[in-house]
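**Q** Residue numbers (the UniProt record's numbering), protein chains in the order written: chain A, 1 to 121; chain B, 1 to 84.
Honestly, the hints are just simulated from the structure, not real lab data. Since the structure is predicted, the reported quantities are computational estimates derived from the model, not experimental observations. Treat the hints with care, as some may be off.
With a cut-off of at most 25 Å between alpha-carbon atoms, the simulated PhoX-like pairs for lysine-lysine come out as follows [stated by the list, open to error]: (1) K36/B x K78/B; (2) K36/B x K74/A; (3) K13/A x K74/A; (4) K13/A x K66/A; (5) K83/B x K55/A; (6) K74/A x K3/A; (7) K36/B x K83/B; (8) K55/A x K18/A; (9) K18/A x K87/A; (10) K74/A x K78/B; (11) K66/A x K18/A; (12) K3/A x K36/B.
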Amino acid sequence: MSKTFCVSITHCKTDGDKATLGFVVANAAQGSEKETMVFLSSDGVYCAVPEEMAKINEGGPFAPLKDLVEKFIKAGGKIYVCTPCMKKRDISESALVAGATPAGGAALVEWLANGSPCVSY
Amino acid sequence: MTSDLPSWQFDDEFDGGEETCGRVIVNLYLYIRDQKPGRRVLVISRDPGAPVELPAWCRMTRNQLTAKQHPYYLITLKPELIKE
Chain A
1 MSKTFCVSIT
11 HCKTDGDKAT
21 LGFVVANAAQ
31 GSEKETMVFL
41 SSDGVYCAVP
51 EEMAKINEGG
61 PFAPLKDLVE
71 KFIKAGGKIY
81 VCTPCMKKRD
91 ISESALVAGA
101 TPAGGAALVE
111 WLANGSPCVS
121 Y
Chain B
1 MTSDLPSWQF
11 DDEFDGGEET
21 CGRVIVNLYL
31 YIRDQKPGRR
41 VLVISRDPGA
51 PVELPAWCRM
61 TRNQLTAKQH
71 PYYLITLKPE
81 LIKE
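Please construct the entire structure, taking both the sequences and the accompanying hints into account.
**A** Dropping the structure here:
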């Protein structure tokens with residue numbers, strides 16, 4: 001059984017439901033002792049921007065996205081944020097939540113090529 | 001309807017409340033991660049997915065599901081790591 005896991009999220013403003021669900025599953029993975037990477041790309045990069053994540057709240061039974069992201073980081077999860085996707089949206093590194101790291105496709109490819117399963121939202 | 005708590009012996013209790021899915025799992029993980037192997041934790045989860053979720057979590061994390069009677073789950077932490 002793989003010891004790592006990846007959740008790819010490509011939505012935030014465009015679909016808060018998918019963004020929320022992605023982080024719920026990421027929390028399940030990290031909480032199940034899988035070393036878990038959330039890879040944020042396309043519109044999903046906004047999930048790592050505090051003022052944008054704060055706008056996403058799908059309501060019960062889902063926790064606000066901000067809570068889910070903070071819980072994931074507290075549990076030791078990694079968040080990688082697609083750098084060209086950030087640049088396209090004029091998001092600087094300093095605008096990211098603490099614990100999120102700008103990264104590119106190579107980081108994702110390496111993670112998956114080492115045998116990590118991945119689920120996408 | 002919640003059934004009565006079985007007459008299990010346990011050292012600690014974690015109530016997952018009405019949370020579901022990843023919230024229960026990550027909250028439980030954060031709660032037990034600094035506890036010693038061998039401790040018996042009563043987990044209460046009213047999540048209708050819990051009968052499937054918690055056994056899967058136990059298999060992945062090598063915690064032992066010692067007994068279950070939804071919404072009650074008796075989990076023995078990391079029995080393989082108990083030092084004699």
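**Q** Does each hint fit the structure? Answer for all of them.
**A** Results of checking the hints against the structure:
For the given pair, K36/B sits about 8 Å from K78/B by alpha-carbon distance, which is consistent with the 25 Å threshold. The straight-line distance between the Cα atoms of K36/B and K74/A is roughly 20 Å, inside the 25 Å bound, and the hint therefore holds. Proximity of K13/A to K74/A is assessed by CA-CA distance (about 24 Å); at most 25 Å being required, the pair is judged to hold. Between K13/A and K66/A, the direct Cα distance comes to roughly 13 Å. Compliance with the 25 Å bound is thereby established for this hinted pair.
Proposed proximity of K83/B and K55/A is contradicted: the alpha carbons are some 48 Å apart, above 25 Å. Between K74/A and K3/A the CA atoms are separated by roughly 19 Å; this keeps the pair inside 25 Å, and the hint holds. Restraint check: the Cα-Cα separation between K36/B and K83/B comes to about 10 Å, which is no more than 25 Å; the hinted pair holds. Our distance criterion of 25 Å between C-alpha atoms is met by K55/A and K18/A, whose separation comes to about 14 Å.
For the given pair, K18/A sits about 22 Å from K87/A by alpha-carbon distance, which is consistent with the 25 Å threshold. Taking the CA atoms of K74/A and K78/B, the gap is about 22 Å. The hint holds against a cut of 25 Å. For the proposed pair K66/A and K18/A, the alpha carbon gap of about 14 Å is at most 25 Å, so the pair holds. As the CA atoms of K3/A and K36/B are separated by approximately 22 Å, the hinted pair is consistent with the 25 Å bound.
Hint 5 from the earlier list is the only one contradicted by this structure; the remaining hints agree with it.
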